Each structure stands twice: as structure tokens, then as C-alpha cells.
Amino acid sequence: MKQLSELATPFASVAEALIAAEGTAPWLKKLRQDALTHFKTFSLPAKKEEDWKYTSLWSLSQQAFSHHAESVEIAADQVDSVALLHDAYRVVIVDGVFSEELSDIDALQSGLSITALSESVDQLEHCLGQQTELTKAGLNALNTMLMSEGVVISIDSAIEIEKTIEIIVINTGNTANLATHLRHKIELAADAKATVIEHYVGLTPDSYFTDVVTEVNLAERARLTHYKLQQESNNAFHIATLATHQAQASHWLTNNISLGAKLARNDIHSQLLGEQSHVTMDGLYLVDGEQHVDNHTRIDHAVPNTTSDELYKGVLDGNSHAVFNGKVMVHKDAQKTDANQSNRNLLLSRGCEIDSKPEMEIYADDVKCGHGSAIGQLDQDQLFLLRARGLDEVSARSLLTYAFAVDVLTRIPNLSIREALAKVVEQRLPKTGEKA
Amino acid sequence: MLEIKNLHASVDGKEILRGINLTVNAGEVHAIMGPNGAGKSTLSNVLAGRDGYEITQGEVIYKGENLLDFEPEERAQRGVFLAFQYPVEIPGVSNIYLLKAALNAVRKYQGLDELDAIDFLTLVRSKMELVKMDEQFLHRSVNEGFSGGEKKRNEILQMALLEPSLAILDETDSGLDIDALKIVSEGVNALRSQERSIIMITHYQRLLDYIVPDFVHVLSKGQIVKSGDKELAKELEKTGYSWVDEQPEGVSA
Ligand SMILES: Nc1ncnc2c1ncn2[C@@H]1O[C@H](COP(=O)(O)OP(=O)(O)OP(=O)(O)O)[C@@H](O)[C@H]1O
Ligand SMILES: [Mg+2]
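Here the protein sequences come in this chain order: E and U. All residue numbers for the first sequence refer to the numbering used here, where the first residue is 1071 and numbers rise by one. All residue numbers for the second sequence refer to the numbering used here, where the first residue is 56 and numbers rise by one.
Among the hints, erroneous ones may be present.
As the list claims (entries may be wrong) - No more than 20 Å apart at the CA atoms, straight line, and that leaves these computed lysine to any residue pairs for SDA-like: (1) U:Lys163 <-> E:Val1464; (2) U:Lys155 <-> E:Lys1263; (3) U:Lys276 <-> U:Thr294; (4) E:Lys1493 <-> U:Lys182; (5) U:Lys155 <-> E:Glu1463; (6) E:Lys1263 <-> E:Arg1481; (7) U:Lys163 <-> U:Asp174; (8) U:Lys182 <-> U:Lys206; (9) E:Lys1493 <-> U:Gly147; (10) E:Lys1493 <-> U:Ile151; (11) U:Lys155 <-> U:Asp189.
Said to hold, decoys possible - Label pairs and their computed distance ranges (CB to CB): (12) E:Asp1477 <-> U:Lys60: 44 to 50 Å; (13) U:Asp67 <-> E:Gln1447: 48 to 54 Å; (14) U:Ser248 <-> E:Glu1463: 30 to 36 Å; (15) E:Ser1129 <-> U:Tyr141: 45 to 51 Å.
If you're looking for bench data, these hints aren't it; they were derived computationally from the structure. Note that the structure is predicted; figures quoted are calculated from it, not measured. All residues carry an ideal CB built from backbone N, CA and C; glycine is no exception.
One chain only, chain U, in its complex shape:
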């Protein structure tokens, strides 16, 4: 599904990703943990195609194609989905408009017709039920005035509707209360399948109780310094990241 090879990325001449290697196969769930400022959001932005990053080395192969050659919308249409750490507010654009435009963009790429209004609404309603969002959110402007947790749920709603092949969830759990965490986890678990891969960025082991990962990686200073299974997350909970600095530089490069 996804193969990241020796990926280096800089912002304004400052190297932030310093040789990432990561392979994610179809059906797998990978958790990425690591201290603040390690480069986790940078990695997800680079994968989603945000401007402003200079790729100085390495490549990313997604479904056999060179992902970095594509515009952000082309990646989205091919099934890459980023749930943002800080979802932006868009006053003046209603949620339902965005959902419809996004779904139609993906369907168009897949060679499918646009859904008619009734089918679309039926589909959206079923997805809203999944993340327990009230219908009034459809007619509000995207994320405008949403609480922190509501914004995160809105991201999961978009994901549930678009059914991506590769979902990258950047701290979707932070800011969620315990009930919301369960709801969001159920939303993500519902999407788990043999054809889909998920990369979850999180600071908390608790999320991994609900969405059990196949692999856990520690990202520090732009490199993956340790990988393991779900037990690694439990270990980190106890030890924190102080040991990271003792690792030799470039251990996984």
C-alpha cells in the first residue's frame, strides 16, 4: 500500500524529516508516537501534499505510484485521507457542501456518477449516526464554532463517507472526552478492512486500547528510532521518551 523510503523533508532550509523508512501493507494499522516537535505532523502533511515542504531525498510509493508527484487533490481522489490535527474553520462553506463536493470528486475519479440528492443524504445520515453527530452540523459552516471534539468528529465523518484506502489520523484522539474517544474509535474500527491501511499518530496509549495497532513506531527528531508491536506503546507510557536521546543518531536510516 505505502512504502516510504529514506524520506528527507525541509522547511525553510531546516531539515525536519531526516530519513524516514516505513512500509504499511494493506489491512495494517500503524501507530506513530513520539515527542512534540518530532515531525509527526510534518510527515502526514508531506504525505497529503501540503505546500511548503522541500523533499530533499527519498521517495514514497503508494499503490505502485510515486505519491509525491501528485497534487493534494489527486492524492485524495486516489484514496489518501488526512484527518487534521487542527481542522481549520471555513466560514461560508457549509459542511454538507464540503461532504458532497469531496464525495463527488472521489467518485468522479473512480468513474462513478454523482449521487442524487436523496441517496447522498441517506448515506450521509448513516455515517453521521456512526459518529453520533447531530444533523444540524450538516448545515453549519465547516468547523466554524465547533468545539475541539466536534471538529475531530467531523474529520472522522468525512473519512467514513469517503472510505479512503489510506487514512492518516493526526492526533484525532486529543481533545476528545472518553465517550467521544469510544465513538471515534468505533468509527475507525468500522473502516478497518483488508483493503485499507491506517496510520494513527497519537500521544496516548489509551487510544490503542480501542484501536489495536499491528505496529507501533517511535518518531524522534525526524527519524523512526524504534518499532515494535502494541507492547511498545505500553512501555512508552512508563518510560517516556528520555531514552530516545541516548540512541545513536540515524539508527534506522
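Just chain E, with the same shape it has in the complex:
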């Protein structure tokens, strides 16, 4: 078998060209160069690495991706039809390029700034790469050496953003096998408050590659509600890192809904660095056919008196494969940590496969920690009750599947977002299903 170092896409030479490009700021050259050096040494992670044990990037490594998006125009109503919300600040990226026409960020509330990475990268010297490290899991080196677009959001202290910000990342399929490398940055100053949605959509059934890193920095008492809705094409690769630093009494709620892609991998990481900080880290994945989804989450309780609550649920059908690996680290002095983690999976077919590994490493002694993992099938008694009341088998199965998934949605505080996401999830429920 070939090594993953033999890549069909010349990622390194694309990065070299970016580094050599005229006008690139020296600090950015260095950032990319360090990443490139790292990438040349380590390449894409292979399955022998513990973090990639159940997820193979072999098929990704064999794809010849393009890094030149041909220009494309899509109609505003097409964006409307895929958008989750209609009353949000909208930031649209099409085939890896920010679209000013399709975005709606002209009249921002004061204290809020939203810019495209491509337009503001020169000013981000002390901003990029603060929450991620090249050595961390995921494809951070690849992303750092190649990042070319993204959304930079910053909110001044004590400002509460009333409208939700929806980042819509669309792949049109206009450029065959396009790779896009996106870097988002969300920065909330002290006491700021906002809701941000990252929304990924494929308008093509074909293969492409979305590589994204989102860095989040929450200052004292800042509160961020963050949703990610991944609806990539069923032949797409979606690999994402989401990393957050949380200062004292900050509050982060993140909900990661993964529905699409042939191969989806999320590395989600919160570092609770200030006392009284809290993270709610939720997720829902629905996969069928030959889909593969892998969620690696990590929460570091680094100081005393922090709390975390994590609920990940999965519905697997067909020959799909899901991986959940959730690590909660309670560091040595992190007394009074309260951490709760749960992963539950519903298996609808015989062909699907789940690898679930919740982990807690606890180095403090005065803590309250609980974790659990469960794997089950539809309950035959429940199914019979519904059918005995006249619901046909397909509706009964899909209702019970929804009922299984729904508590990830009921934990969403914002009603209109909850309803919009519920609708998306409902549409994605298995309409047929073999008897389990």
C-alpha cells in the first residue's frame, strides 16, 4: 500500500506559490512556511496515528484537487433557498471566494466588524494561529499553509449582537474537484454576546474538499452561541477544526450538526482557561449509505470552578460509519470541575458501524464528572404502539428516529434557529429502512 505521503494533489507546491507571491506580509510568509515545513515532514495523518485510527484519509490523498476556482455566478434566490435564516447578517463564500453581492453585511450594528479573510489578512498578525497549534490533531498545518478565504468577526466589549450571523459556504461544483481552505476567526471582547452559524452547503453531487479551521477567542464574560450545519455533497470531503479559548466566566455553546459529506471529520476543542467559564458542546450526526463521520472533541478544564456539558447523538443507517471520540481533561488544579459527557447512537441497519469512545482524564480530586455512551436500535414496543395507532411503518420509524435525536435540538436556546434546524433534520430522516 502506498503511504499517505504520496498525494495526488500537490498541496506543498500550491503553498510554495502562495508564500512566494508578491506582497505577502513577512509574518504571514513565516506562518505559512512553518506550516509547510511541518506538512512536508508529517503529511496527512495515517491510520496508525491514534487520533486517526478509525478514519482513513487514503481516498482523500488519492484525489487530484484543483486550487483554481473558475469564477461563477449564482443567483441571490439560490442563496436564499439554502440559507438557514432569513433575518441574519449573511456572509457568503462561493467556491472559496467571498461574495460581496450575495452577502448582507453593509449595515452592521456598531461594535461589530465582519470582514473577509482575503481582504483583511494583513491586519491579522497577532490574531491568526492563536487558538490552534500545528501539532494538534486535524489538518491545521495544511490549513495554515493554504488558507485563502474565511470570515473574521470581532465584537467590541459589552456589545450584544442582536441579529444572528450566518456564514454560508457554498460549493457550486462549477470547478471540478475544488479544494478550498478556509480560516474563520471569531473574537469576542469582554461581556460581548453573539450568535454565529457556520453553514456548509454543496450544490453539486460531485467530489470536492472543504478544509476549514475556526478559531474562537472569548474574553471575560463573553457569551457565544455557535452552530455548525454541515450539508456538503455526499461525495465531498469536509475536514474541520474548531478551537476556542475561554477566559473567566465566558460561556460557549456549540452545536455541530453533521448531515452531509462522504467523509466528515471535526476536531472541536475548548480550553477553559478562566474560572467560572462554561462550555456546552453538543452535536448530532445523521449518516447513511457509504458516509463516514468522525467527531473528535476535547475539553480542557485547566483551572478550578469550570463546567462542561456535552451531548452527542448519532443516527446511522445503510453502510455508514461514525466515530465519536470525546476527551475531557481535568487538569491538576482544576478543583470543583463539573463535567458531563454523553454519546448516544441509534443504529437503523445491520451494515452500519459505530466506534464510540468517551474519555475522561482526571488529575484533580474534588470534581463532579460523569460520562456515558450508548448504542441501541429502535424499540420494538414503541414501534408497535405507533403502528397499532395507525401510523405506517416508515412514518413510525422516522418519528421514533426524530424522537431519539430531538433532545440535541431542544437544548438550542434560540427558538427560530431551533425550528429551522429541526426542519432540516426532519427532511434528512430516513424515509425507508430495513427492519433492525
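Add chain U with the ligands to chain E, keeping to what the hints say.
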């Protein structure tokens, strides 16, 4: 309405129903009594279409059709209703959702349009009044955290809404306090009509004071070993089932 002829059913090769014969005409109320493990719930499950039973002999004719050919939902849509002995909890599905989906499934089969939200709510409220259930139960998950008696009342609520032609009540009276027993009985009596039949499975004569049956049957070891009128239930109250073993095997087969 319903004709059960020489019905034999097994679970995992073990024969549980061993030749049931029973005819229920429209408008009649039949009570089925009998010792634990006799096969009463098995009979109701087989009639409702639950998986896992092998019908080895016999047939069931319902409204002129072969009932055993139908899926559970097709039976429900045709007016067969089973009130469960142990109603299952369904977290995540609200009671009102289930009521609506069930009613619409039946109406669709009958060629009727779905009720609009207001008409539906008005109808549900009137039925809730009948079984004296508080409206908060509508928005709770089906049976989740309900007390034993509340679960049974919830079954009767579903029955009252769906107005089935054949209602099979499997020990709907057990676990009910005296007031609840009266309420549930009133609910059932309200449904009694010339077009409807009711099969009531019970262990207690007391229920039959409220819902007076036309016939009483004793089911034992998978067979109906004795049939009579309401006086039979009173007799059983005194004698218990010890006499059953003295009956010759296959007496009613
Ligand atoms: N799925 C099953 N597997 C094995 N045995 C079963 C199964 N279902 C029923 N039985 C057996 O069949 C017999 C009849 O059970 P059933 O529940 O019909 O009794 P019942 O008359 O309703 O009793 P009760 O008055 O206690 O409710 C019992 O011995 C029971 O253990
Ligand atoms: Mg029983």
C-alpha cells in the same frame, strides 16, 4: 364483527393459544377473564398484529375480511383498537402529536380530510374532558413519567378520539383507583353502540359492575374453557380458577 375460529399461536415454538373460538357481534361487550399466563394478552396482541407470534392454525374474520392478513396499521385504520396492558413510554414524541397522527391515519383511510388545528384541538379537548385528563398531558411525551393510572387513562383518551369499531381493552382497569375506574368506565360506556364491539380483559368483577358485559368467557391455557353471562364473573369471584384444571382438555376446541 369478529369471528375467531380455532386460533392457534406459538411463540418460539411454544404454543400459547391452543384453539380459540369466539364470535363477537356488533354492539356486544365481551369480558375475558382467566388466570395469569392463560394467553389473554397474547390473544389481544395477535388480534392487533404484533410481530413475534406464529399463527399455526385457524383464522380471524373481521368485517368480512381476513384480519391476520393485515399489517398492524391497516388493522388500526380499519377500526381495531388495542388498549395496552402495559402502555409503553415514548420520550420525544408528544401526546398531541401521536393523537393527531393517529386520527389522521384513520381519517385518511376513511377518505376524510385532515382536521384543521382548531377543530382538532376542540375535539381533543372534549375527549379529555370525558376521561378527566388535564390539558398539560397533551404536551408531555407519550406516557413518559405518567403514573400507572394516567397511562391507562391515556389509552382510553386515544380510544375515545379514534372511535374504533372493535376495542380490545387489556386490563385497562388494573392500577386504577376507584374514581379513575368510574371515569374510565364512563369513557367506555360512552362508546358503546350498536356499531361497536368491545372485548374487555379483566381480573376483577368490579369493572363489570360499571361496564356490564353481554358475555363472560374464561380463558385458560390458551383455550376458552367456559362462557356465560355476567353471573359467571360473580361465580368466579367466589370460586377462583381452581376448578379449571379439572376440566377435560380441549373442551371448547
Ligand atoms: N414473547 C414471549 N416469549 C415467551 N413466552 C411468552 C411470550 N409472550 C407470552 N409468553 C408466555 O405466554 C403465556 C401467556 O402470556 P400472556 O401475556 O398472554 O398471559 P395473560 O393471560 O395476559 O396473563 P396476565 O393475566 O398475567 O396478564 C405466558 O406463559 C407467557 O410467559
Ligand atoms: Mg395479560
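Comparing the hints with the structure gives:
A hinted pair counts as satisfied when its Cα atoms are at most 20 Å apart, and Lys163 (chain U) with Val1464 (chain E) qualifies at roughly 16 Å. A distance of roughly 40 Å separates the Cα atoms of Lys155 (chain U) and Lys1263 (chain E); the hinted pair therefore is violated under the 20 Å criterion. As the CA atoms of Lys276 (chain U) and Thr294 (chain U) are separated by approximately 18 Å, the hinted pair is consistent with the 20 Å bound. Taking the CA atoms of Lys1493 (chain E) and Lys182 (chain U), the gap is near 31 Å; set against the 20 Å cutoff, the hint is violated.
Proposed proximity of Lys155 (chain U) and Glu1463 (chain E) is supported: the alpha carbons are some 16 Å apart, at most 20 Å. Our distance criterion of 20 Å between C-alpha atoms is met by Lys1263 (chain E) and Arg1481 (chain E), whose separation comes to about 18 Å. For the proposed pair Lys163 (chain U) and Asp174 (chain U), the alpha carbon gap of about 16 Å is at most 20 Å, so the pair holds. For the hint linking Lys182 (chain U) to Lys206 (chain U), the alpha-carbon distance of about 15 Å falls within 20 Å, and the restraint holds.
Between Lys1493 (chain E) and Gly147 (chain U), the direct Cα distance comes to roughly 15 Å. Compliance with the 20 Å bound is thereby established for this hinted pair. Distance check on the hinted pair: Lys1493 (chain E) and Ile151 (chain U) sit about 19 Å apart at the alpha-carbon level, within 20 Å; holds. Distance hint between Lys155 (chain U) and Asp189 (chain U) is fulfilled; the C-alpha atoms sit about 17 Å from each other, no more than 20 Å. Remark: the range hint 44 to 50 Å for Asp1477 (chain E) to Lys60 (chain U) is upheld by a beta-carbon distance near 48 Å.
Remark: the range hint 48 to 54 Å for Asp67 (chain U) to Gln1447 (chain E) is contradicted by a beta-carbon distance near 20 Å. Separation of Ser248 (chain U) from Glu1463 (chain E) is about 31 Å and conforms to the stated range, judged on CB atoms against 30 to 36 Å. Ser1129 (chain E) and Tyr141 (chain U) have their C-beta atoms about 49 Å apart, which keeps the hinted 45 to 51 Å range intact.
The earlier numbered hints that this structure contradicts are 2, 4 and 13.
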